[in-house]
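Enquirer: Okay, here's what each chain looks like letter by letter:
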Amino acid sequence: EADIYQTPRYLVIGTGKKITLECSQTMGHDKMYWYQQDPGMELHLIHYSYGVNSTEKGDLSSESTVSRIRTEHFPLTLESARPSHTSQYLCASSGFGGVKTQYFGPGTRLLVL
Amino acid sequence: DQQVKQNSPSLSVQEGRISILNCDYTNSMFDYFLWYKKYPAEGPTFLISISSIKDKNEDGRFTVFLNKSAKHLSLHIVPSQPGDSAVYFCAATYRGSQGNLIFGKGTKLSVKP
Chain A
1 EADIYQTPRY LVIGTGKKIT LECSQTMGHD KMYWYQQDPG MELHLIHYSY
51 GVNSTEKGDL SSESTVSRIR TEHFPLTLES ARPSHTSQYL CASSGFGGVK
101 TQYFGPGTRL LVL
Chain B
1 DQQVKQNSPS LSVQEGRISI LNCDYTNSMF DYFLWYKKYP AEGPTFLISI
51 SSIKDKNEDG RFTVFLNKSA KHLSLHIVPS QPGDSAVYFC AATYRGSQGN
101 LIFGKGTKLS VKP
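Going down the list, the protein sequences come from chains A and B. Positions 1 to 113 (this note's numbering) are the ones given, in order, by the first sequence. Positions 1 to 113 (this note's numbering) are the ones given, in order, by the second sequence.
Just so you know, these hints were derived from the structure itself, not from any lab. Yeah, the Cβ is synthetic: ideal placement off N, Cα and C, and Gly gets one too. Where hints are given, some of them may not hold.
Sample of chain B residues lacking proximity to chain A, with all beta carbon distances greater than 10 Å (derived) [claimed, not checked]:
id: 1; residue: G16
id: 2; residue: T26
id: 3; residue: D59
id: 4; residue: F62
id: 5; residue: G104
Listed next, the in silico SDA-like pairs over lysine to any residue satisfying Cα-Cα at most 25 Å (straight line) [said to hold, decoys possible]:
id: 6; chain 1: B; residue 1: K108; chain 2: A; residue 2: T65
id: 7; chain 1: B; residue 1: K71; chain 2: B; residue 2: M29
id: 8; chain 1: B; residue 1: K108; chain 2: A; residue 2: L60
id: 9; chain 1: B; residue 1: K68; chain 2: A; residue 2: D38
Reference listing, derived: stretches of chain B covered by chain A, where coverage requires no fewer than 3 residues with Cβ under 8 Å from a Cβ of chain A [claimed, not checked]:
id: 10; stretch: 37-44
id: 11; stretch: 92-100
Using the sequences and the hints given, assemble the complete structure.
Expert: Below, the structure written as structure tokens:
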């Protein structure tokens, strides 16, 4: 199982603030993902990356941005948080080649007031 | 339009009995399916997967069955334990989707002692 970490675990912040959600994995996985999930709903893919300097938008449109400067690190940034951004954000990674199993971090619960 | 559907939002089972969680899909291109388990305030944990070339895969107390003609899969947990109480997500992907997973909305399983 992959070791994948997310910080902070919980964040309460005011409208208009800039935030960065951190995600790191220690397995050397090339692919990384960000999902957004609301209670009782499916996980929606908002960003993914095939490797360093690769970033793609997912199925769900998001005002957030991501970067992948190092293999192990895939941070997500919101330039100006709004109450509509309140959600759980989950980071995942998957291994090489045809391996399809994604391993998830513990998630960040974001509340924007 | 949901491509992966979990039509039962919740399921309650007695400890020691069988739990059966169901999942239907609409995209005939899906060729790999996964089940994840999620506790509140944690990230999903990978449970078991199945390729479309198989109709059954077993791992300990967990068995996944795939019926391609019906576009249906199910997760059987035998015997059910109170620690199995969680939300179970079905996910699917296909060759050419870059490994991206499509998730259902989840089924909340409660196993009563």
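Enquirer: Where does the structure disagree with the numbered hints, that is, which hint numbers, in rising order?
Expert: 5, 6 and 9
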